[in-house]
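Number of protein chains: 2
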Amino acid sequence: MSAPLIDKYRKMASFDWKKLKAVVEGEEHVRLKAEVVAKMKSEPIFHRDYRVLSREEQREVVHQRWKKIVEWGLFKDPYSDLENFKALTETLEAYDQGTSARLFLHGNVFGAAVKSMGTERHKELVEKIENNEIVGAFCLTEIGHGSNTAEVQTTATFDDGQLVFNCPSIGAIKCWAGNLSHSATHVVVYAQLHVGGKNEGLHGFVIQVRCPKTFQTFPGITIGDMGSKPGCWQGVENGWMEFKNHRAPLSALLNKGCDITPDGKYVTSFKSASEKQSVSLGTLSVGRLGIIAKGMMACTFASTIAIRYSVARRQFGPEKGAENEIPVLEYPLQQYRLFPYLSAAICIRIFQKTFVEKFTEYMMRVMVGEKSEELSEFSKEVHALSSGAKPVATWLGVESLGEARKACGGHGFLHMSRLNTLRDDNDPSQTFEGENFMILQQTSNILLGKVASIGLINTPMSTMTFLNSKPSKFSSWTSDPVNDALSAYRYLTYHLLQTTSSEANKLKQSGKNSFEVRNEIQVHRAVNLSIAYTEHTMIDWVQKFVEDVEDVTLKGVLQKVLNLFSLFLLERHLATLYITGYASGGKFGEELREKLRKAVADVKPESMALVDSIAPDDFILNSALGASDGKAYDHIMEEFRKYTNEQPRWVCDLAQFLQKRSQSSKL
Amino acid sequence: MSAPLIDKYRKMASFDWKKLKAVVEGEEHVRLKAEVVAKMKSEPIFHRDYRVLSREEQREVVHQRWKKIVEWGLFKDPYSDLENFKALTETLEAYDQGTSARLFLHGNVFGAAVKSMGTERHKELVEKIENNEIVGAFCLTEIGHGSNTAEVQTTATFDDGQLVFNCPSIGAIKCWAGNLSHSATHVVVYAQLHVGGKNEGLHGFVIQVRCPKTFQTFPGITIGDMGSKPGCWQGVENGWMEFKNHRAPLSALLNKGCDITPDGKYVTSFKSASEKQSVSLGTLSVGRLGIIAKGMMACTFASTIAIRYSVARRQFGPEKGAENEIPVLEYPLQQYRLFPYLSAAICIRIFQKTFVEKFTEYMMRVMVGEKSEELSEFSKEVHALSSGAKPVATWLGVESLGEARKACGGHGFLHMSRLNTLRDDNDPSQTFEGENFMILQQTSNILLGKVASIGLINTPMSTMTFLNSKPSKFSSWTSDPVNDALSAYRYLTYHLLQTTSSEANKLKQSGKNSFEVRNEIQVHRAVNLSIAYTEHTMIDWVQKFVEDVEDVTLKGVLQKVLNLFSLFLLERHLATLYITGYASGGKFGEELREKLRKAVADVKPESMALVDSIAPDDFILNSALGASDGKAYDHIMEEFRKYTNEQPRWVCDLAQFLQKRSQSSKL
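Chains as they are written, first to last, in the numbering used here: chain A, 220 to 886; chain B, 220 to 886.
It is possible that part of the hints are untrue.
Pairs count within a copy or across copies, as identical chains cannot be separated in the list.
As the list claims (entries may be wrong) - Simulated pairs of lysine-lysine, DSS-like, Cα-Cα distance not exceeding 25 Å:
no., residue 1, residue 2
1, 806, 689
2, 692, 806
3, 417, 490
4, 763, 823
5, 885, 342
6, 779, 238
7, 237, 305
8, 763, 814
9, 490, 539
10, 879, 347
11, 725, 817
12, 850, 237
If you're looking for bench data, these hints aren't it; they were derived computationally from the structure.
Just need the whole structure built from these sequences, with the hints factored in.
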């Protein structure tokens, strides 16, 4: 093999990747992440190779790593130390989503639920949670209910001053609770609360499920594991739990805003179930914001591994002879397959970071107890956008890993490329906290509600303002592809909103109920509406970020990246643009595709430095194909040589079998 | 959970699924497959569960299963007993592609190469191969060369009456050879043949690599494994092999049409390297035809599991309350996500079966030694179509498994759903025998060649005849969506061919070499051309098959299936249809999408019986979500209960850790 060409490609760039990284991520963030990485590298328990561990082995390793991180004491509340929280989270998520899940599920899901729904009564428990004296799990989902959580079937019945938990059917058995199978001492569990024969609806409870010394489960509780799962999720102990007359003290009820009096009366300060729910609407977005980052991270890994490998891999060239072969990154088709996801890695990061800032502002207002019309609008807008961006980002992420694997050819399929494992790792992000198509309905529902309401649309983050006036059709291209794309998106979103809304009205008038109407407008209409709205906002926010970059060189590079991202996303809506009448005639589409191909080509000289600007440390990346030194084949062979002359025990059996066949043929 | 609804859905169908199965697959094929399945069920070694095996365990199991199949003596040459071959192959492929690969690579790849390139000299070896007295591997690919096999770097140098094999660099090390790591006693290896200081080009050789008793490798040969791989491929021992002055006898040369005289002179009856290559052009399609079937099988598994589960899964209904929940299959969006792949499973099967029939006719003519202009055209057409259909079918297959997994929500991610494992199993079919985008170039190259040649296009399978006259633009929809789709495809293919060709000419005139030209016309042009040509042929052939079905009911059902398949595929080209000017105005696209939604809805009542008509036996399917009794939740819980109260050894460590934290917080 010839000498690696990666440095040659690095030199083609017009900019310094470290400067770009600092602008996009923030200097402090880059520094803090490097600190966490250094800490992990220094601990043998974080060492890794390309072995595939069994379910048992993987969980033991995660347990040991979790202990180490707890001992470090780095994992804090995001609201008390946001910068450190972000750096640790991103590093852990990139290192292993399974390890990161173990920490999150305890602190940020179980712990957050106890804090937000509990009261003074649960203060001691909160201290134990924060000090990691107990391990918590969050039990909402049941075998029969995932998306439709309002209908979960587990019951908590007030009886003689205690609460009695039951699962009335197989479908009511709790499942998917991380940390539950082996580790959890406590759980937050959701159940229908029955008091005095009346169902008071879904409530949250915190109960102890195991003895912290023997780890035996308490009476009336059966816990088990859900068996094997792909990728890093094999290391996460997702468990199921069945209640049969489990008795817990009354203090198990997480009683913020409601309670049961000792004599068995249910009291609540919520006026309605929907008021109770609306408080949690915006906060549901916390999880989604994290999952958007998973999509970004997937694009990051995919681009890093595949683009670096595409420079190491040389194949057909203009002339015959191996010496004339060129890196496959030179093929326009290879660029077209990979660069859009490189642009996505950068643009989703910028979008997500902006969203987190706006969301933090929103949460601060919620936490100080503000109650205003504007905050309620803010809540809805956050909900609409996070419900759209989570699907868009996670689909792109999984797609990018699939495309990267194929673009790396056969070697991409090796475990040591990590592309398939990463795809497995990221696959569930498409159904976490709501299957993607399911939560897209949240976005379109909110947008459709806006059309129905009277007056101008004016939301706190201004993502819907353009819907107030009818956008104009295509007239001509400008010199700025991003503005062109935004214009097209505004038209598209506006028209999809109009047509989806009028279709809904037609169905309503034909006598369909609202459930049927919502179902029947999804395909081609509401789904596209949600996606178009979301992508418009993503591009819009990244454009604003780029406008504010002072360094002219960096601004120029980011402009190229955003040009590609905008045209790549828009081209997918080309058919719908024609249908909605934004343009007519073949020329528009032909030109859009030409511009897209040009945007791909423009990124090419910058691509290797862009990869350096997003690539995780080699230790985190852990890919034989994607290492920063560009020596893919050396790393592959180094690993291959570990398996030299293996002779499994069954080879004796094979030798005997062949000999028997040989003898019998001679008879 | 309520009683399973699957039988209610079965009763909605207008037809008898067993009759449909017999018409689509052939009665004999259905019967023979059932026989193989019964044989496998009766042998404990074929038993399986949902455990994830280690690399070592999986390979041992594959070895034991392989032995059993060899002992059965079922696996014969396809040309001597095609029906049995097809039934065994399909059953094994559905059961485990890893086991099937072990048999194929020995008999149909290694063995076929020795037979087709060898002579009388290799007769004894052929007998040993057929009698399974030796195990063979096929070594073409090298670390540095996959697609561009002409440039493989391993050398075989004539020296003192022997052949000396060497790998001059890391890149020249052979890899990806199945059966090689542990089992192979012999290999077919490709190397540049050097005689008297001259490189006579790439040749095939057969050499013994290991002692059949000790399984130690011979001097000058190092063999190793490639490490872990996803899915069933973990069970396939893909090895690497490095030569350092390995000496083999002269008889190692597979000397059909060429030879080395004992005094060291190279002689050949081939006039040119391209003549030598053209012989193998059509035969390359054997592998592709098999891989098309993998795509079909992937769609079959995906549809079966997801559609059956979608009836077991009930979620939101028109009214609140769990008793009002409806099966998620009722949602039009769920149908839209799943039914196209159900139609693909059936249509790809019919297309592939037709293709195999035509291909067998072609091979018969090749085998009797026919040399004619028409046969050479046949060869090219087979090559063009197989190079297009392999990508189209395998992309659809992998896509279907991804969509099915997501449509099954979280439970689809469990290992026991099998959807992710199946996706891993099928993932490499997208890069086997040429990365999909790479081999699509074969199709467009042949089509572009047709434009450049003089006279009418008239190929043996008539797949290109419509290119002789300019097809007309869209005028109006007829009552037959399939004919409508075919008209659109003819226009699309014709125009893509014209524009791609004129783009190529323009680039040529601007001074680009043919390599650059070919690279620069791929995106949006040549790629789409190859796909449009292929899909047109698929739909066309299935239409002809359906026309010949006599039973009116079955014909009606198949018509619904083909309507959906045609519109589903065509809709993906909607933007390009606008660009090429087939239609203008939003109405055309809106109507196409409306027709597509209607085609989806039309399949709904038939869907469960259609699934039964394609579904593999439960034993083969092996999915807790997709079992034919529709009791997904019972199967899930049955598996869950196996993991009740697991207490891994590290839980002691966890208990101590928590206690320590608790004590230290009290200090």
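The hints, checked one at a time:
With identical chains, the CA atoms of residue 806 and residue 689 are at most 25 Å apart both within one copy (24 Å) and between copies (20 Å). For the homomeric pair residue 692 and residue 806, the shortest alpha-carbon distances inside one copy (15 Å) and between copies (17 Å) are both at most 25 Å. Taking identical chains as interchangeable, the C-alpha atoms of residue 417 and residue 490 lie at most 25 Å apart only when both belong to the same chain, with a minimum of 17 Å there against 92 Å between chains. Proximity of residue 763 and residue 823 under a CA criterion of 25 Å is satisfied intra-copy only: 24 Å inside one chain copy versus 47 Å between copies.
For the homomeric pair residue 885 and residue 342, the shortest alpha-carbon distance between copies (16 Å) is at most 25 Å, but the shortest distance inside one copy (83 Å) is not. For a Cα distance limit of 25 Å, the shortest separation of residue 779 from residue 238 inside one copy, 16 Å, qualifies, whereas the shortest one across copies, 58 Å, does not. For a Cα distance limit of 25 Å, the shortest separation of residue 237 from residue 305 inside one copy, 19 Å, qualifies, whereas the shortest one across copies, 58 Å, does not. Only within a single protomer do residue 763 and residue 814 lie at most 25 Å apart by alpha-carbon distance; the minimum there is 22 Å, versus 41 Å between protomers.
In this assembly of identical chains, the alpha carbons of residue 490 and residue 539 lie at most 25 Å apart only when taken from different copies (20 Å versus 79 Å within one copy). Proximity of residue 879 and residue 347 under a CA criterion of 25 Å is satisfied inter-copy only: 12 Å between copies versus 67 Å inside one chain copy. In this homomeric assembly, residue 725 and residue 817 come within 25 Å of each other (Cα to Cα) only across copies, at 17 Å, whereas the closest approach inside a single copy is 43 Å. When the C-alpha separation of residue 850 and residue 237 is checked against a cutoff of 25 Å, the pair qualifies only within one copy, where the shortest distance is 22 Å, while the shortest distance between copies is 56 Å.
Of the numbered hints listed earlier, not one is contradicted by the structure.
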